[in-house]
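Asker: Please put together the full structure from these sequences, using the hints given.
To convert, note that position 320 of the sequence shown is 320 in the UniProt record's numbering; the numbers rise steadily by one, no gaps.
None of these hints come from the bench; they were simulated from the model.
List of simulated lysine to any residue pairs, SDA-like, C-alpha gap at most 25 Å: (1) K384 - Q355; (2) K184 - D213; (3) K90 - K314.
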Amino acid sequence: MLMLKVGHFDQAEELYNELLKNASDDSDKGYIYHQMGFLKNNQGDYEKAATFYEKSLNIREKVLPSNHPDLATSYSQIGQVYNNMGDHSKALKFYDTSNTILEISLPPNHPHLAISYCSIGLVYNNMGDYSRALEFYDKSHKILELSLPSTHPKLATSYNNIGLVYNNMGDYSQALEFYDKSTKIREISLPPNHPDLAQSYSNIGTIYDNMGDYSTAFGFYEKSIQIRELSLSPDHPDLATSYNNIGQLFSKMDNFSKALEFYNKSLQIRQKVLSPNDYDLAQSYHNIGQVYKNMDDYSKALEYYDISNKIFDKTLPPNHIDFATIYNNIGVVYSKMDDSSKALEFYDKSLKIRQKALSPNHPDLAALYNNIGQVYKNMSDCSKALEFYNKSNQILEKTLPSRHSLLATSYDNIGHVYYDIGDYSDALEFYQKSLEIKKKTFYRRIILIWLLRTVI
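Answerer: Spelled out as structure tokens, the structure:
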């Protein structure tokens, strides 16, 4: 067990294989299979981990009562492996079985139940079922509030998890509220260079990034990366996340050379330390594809999207929300290549997933409606274009600050359609709305570009 804790996986595997040859009874074999599963899970070899955990479970089911806590542990660990593999339905099945045992055998406010509810919440979050995710995260949080002091780091993690769900739902004000609660606890209870604080600053940066407040986002990303560069090894996956976030910020600022620089820094780390089918690696390829799309290098964009999509095919269920993102972006490329039928085909695939998985006012739905509207405009189907542009605009007006640049773009798009059909008064109304936003944001953007160029 000590070799596993210090990361000597090869030596541990040799030892366990030798012990397995000499194991005389089932209970010894069950323990060794369990440890082999733990080892393979930590190596990222999830299929072998599941095999060993299930061998251990088969033995434990024969020798233990059906509600024994060790069985709950086995079911939970198998659930974790399937969640890591992206097989969320199987993960949920094993987590539910574990949770049922714990609810029968433990008092209702036991800390192990909090962990169990949190694990189930994580799976629902990964599945895009955010209401169920919040339900289980809330159950977990209530137990932690009863059993821990108000500044305990586990409470900070719980607030962070809830904030992440609200972020995924596009409810940025609620996300920020929970991220702030998490950060305040961590600032009180942890040393100033603790990696969890870096995570908090990174998460808050992401919210401001999503809200279009890039200068504030950059400040939090910078705080996060300073901690990670001090406290982590140069090839740590969290550093890759920081570089990825800054790359994303530069991409949104249309500084594509800087975006590629930071995305490639992130990719190089992930290629070194992650398995070839890791989710974060797929995200890196996808992000680089995004930059090439924005640079109008469509063949390169499709190349990177394809690499990302192949990884997702191996690790995610077919209706996972990330497929919607890939389909949307492939649709954008085909739209830019003037292949309207192909663009609509991929947009439709994306829309079917997003309408099931996201809240009706989610920003990603707004972006997709806008994209579909653009295709119909290019096809001169003005009534369809207006229908989808208006759907997009209604979401943006509900979810974004009144001077956000995306609102200006939305008003411009609607104005263009009215102009094309000869309705000049309505066209003028929407162009004026757009112009008011552009006047307010122009000088802030100039200052921000100067800041980003001088600091990095």
